[in-house]
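Make the full structure from the sequences, and use the hints.
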Amino acid sequence: MTLFRSPGRIAAIVVVLVLFVLPPLWLLLSALKPQSEIFQWPPSLWPEHFTLENFQKTISRANFGIYFLNSAIVSVSSALLSVAMSVMAGYALAKFRFKGDTVIFLLIMSAVMVPLQIVLIPVFLVLRDLGLLNTLWGLIIAPAATPTGVFLMRQYITSIPDNLIEAARIEGTPEWRILLRIIVPLALPAIGTLLAFNRVWRWNDYLWPFLIINQQEQWTVQLAIANSIGRFSINWPRLLSMTVLSILPMLVIFIALQKTLMNGLMAGATKE
Amino acid sequence: MSGGDRMQLNARGGSAAGLMRLAGRTSWPYFLLLPTVALLFAFTLYPLLQGLWMSLFRRGLVVVPQVPESIPVFVGFDNYLQLFADKDFVVSLLRTVLFVAVAVPLQLAAALGLALLLAPQTRFNAVIRTIVFFPSMISGLIIGVIWAWLFARNSGLVNYGLSLLGIPAVPWLEQDQLAQIAIVVAWVWGGAGFNMMILIAGLTAIPKDLYEAAAIDGTSPWRTFTRITLPLLEPSIVVVAVLGVLGAFQVYEIVVSLTTGGPGRATVFLVQNIYETAFKKPNQAGLAAAQSGVLFVILMVLTILQLRVVRRRG
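Chains G and C, in that order, give the protein sequences.
Using our numbering, the first residue of the first sequence is number 1, and each one after it goes up by one.
Using our numbering, the first residue of the second sequence is number 1001, and each one after it goes up by one.
Just so you know, the hints here were simulated from the structure itself, not pulled from any lab data.
Where is the CB? At the ideal position from N, CA and C, for every residue including glycine.
Incorrect hints may appear among the rest.
Restraint ranges, calculated between C-beta atoms of paired labels, are given here [to be verified]: (1) G:S44 to C:L1034: 55 to 65 Å; (2) C:P1072 to G:M113: 23 to 33 Å; (3) G:F39 to C:A1038: 45 to 55 Å; (4) G:T102 to C:L1178: 43 to 53 Å; (5) C:V1301 to G:T102: 22 to 32 Å; (6) C:L1164 to G:L52: 24 to 34 Å.
Next up, the structure:
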């Protein structure tokens, strides 16, 4: 494991830093330049004239606020729904034995092999038949059931001692109370991790809104970004500032929960 | 079954027999599972079967009684046969296979290099890891925007760097092969950090005394790497490879913002071709469903093959 020793190691670290810091930083710095400086050659690495002009223009376009709000509504609601469903399903699979439990578990996990990309057409028809096209409800409900979430919650809830549940049952506690008062509080760390992951996944979704939404008032931030990319011309000052704004909420979540997210990943969660 | 076996089973399954006795015969677990199963059925399993069924028909995306061509007609495996003569499909399929063959090993190599570099548990490494992981938090669409801006011909940082070395501006996104290279670069960059974390988890699990023994024997670092690190890291490498192959076959979002499939159709991959066939060409939904069927079979066969490799070794 000690293949890399200084000074080779130091050089490698510098290369890694350049490769991973520079691209997003260049995006941010460019967004802070006035239009003339954005396209200047040779480019100025550090903005010569700092300006928030691009951001002001983007934000003052009435619609951008709506896109941002749509993304926020969808990602928060869908994450909450998804976590609630995953806790329920995970609890059932971790702490109950019933007819068909293995089959149901395998059925849920097999959905991992069917990404949205290969069921685009029939999913579109299902959404249409359920009346979910062009609604934010479609964006909230359709991606909410995730095998990853169910698996993560099942693994975590399995480690909760059985005798806690048993004791509650002997006292005659109703089942729904056991779930809400014992399982949920004890599973909070996993719930937090899953909530954060879902929030990120749903904020980043492009294919779902692309399939579901075609009215501009219902665009999410990702759709707005995709739609501002013309095949032959791109309004870079607008695109750059929109992109930076769209990353900010994820950056906040990431900085706040960086340890939880990266350790949760180690515990077996995977990106969708 | 011996008592010990049962204990083990309980520890693994997680539910003691006593627990179930108290819960009695109840529909409660079915109720708990209902929302998840219903949504997965509606948006994954039913569409999968429906899609395979649709691939046996010639039909429009939406059936309109006034448009005769949109009304489903059973054609058996005709759509699949027709696909092999469909140049757009064949080219996009081969291009996707080539992309997988190039991008997945590159990303694996990058992730392995990063993991070896950053695995030692120091505060400094933790900070760098966080930075490298960050692209996993943003969407493919935005990774595409970031690289489109870096690769821009007359204002991009890449060409500026090259110009400092005396190399004239490269038209990255305007020439077929260069644009394909750009997609590979962006894709490798976007996923390297995530895969690095999987590999670091694997590296940390390798017993330290093996390295100590190798050091005492005076084994060279390269031999230590090939004889200890690589074989013991294999399970994690397989995970990275499986996820990489599945992801790379579905490459689309990065393309939308980086090249929109261009120049010409040089960076149109399978998923984009399916989408365009279904939504932009009239009455070819059956053909698009057949393309999805081909992609599904590829993904399933690859997953099963790779799982079998893991099981045989494990």
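Evaluated hints:
1. G:S44 to C:L1034: 55 to 65 Å: The hinted range 55 to 65 Å holds for S44 (chain G) and L1034 (chain C), with Cβ atoms some 59 Å apart.
2. C:P1072 to G:M113: 23 to 33 Å: This hint holds: roughly 27 Å between Cβ atoms.
3. G:F39 to C:A1038: 45 to 55 Å: Cβ of F39 (chain G) to Cβ of A1038 (chain C): about 52 Å, so the range 45 to 55 Å holds.
4. G:T102 to C:L1178: 43 to 53 Å: holds, 51 Å
5. C:V1301 to G:T102: 22 to 32 Å: holds, 24 Å
6. C:L1164 to G:L52: 24 to 34 Å: Given about 30 Å between the Cβ atoms, the range holds.
In the structure shown, no violation is registered for any of the earlier numbered hints.
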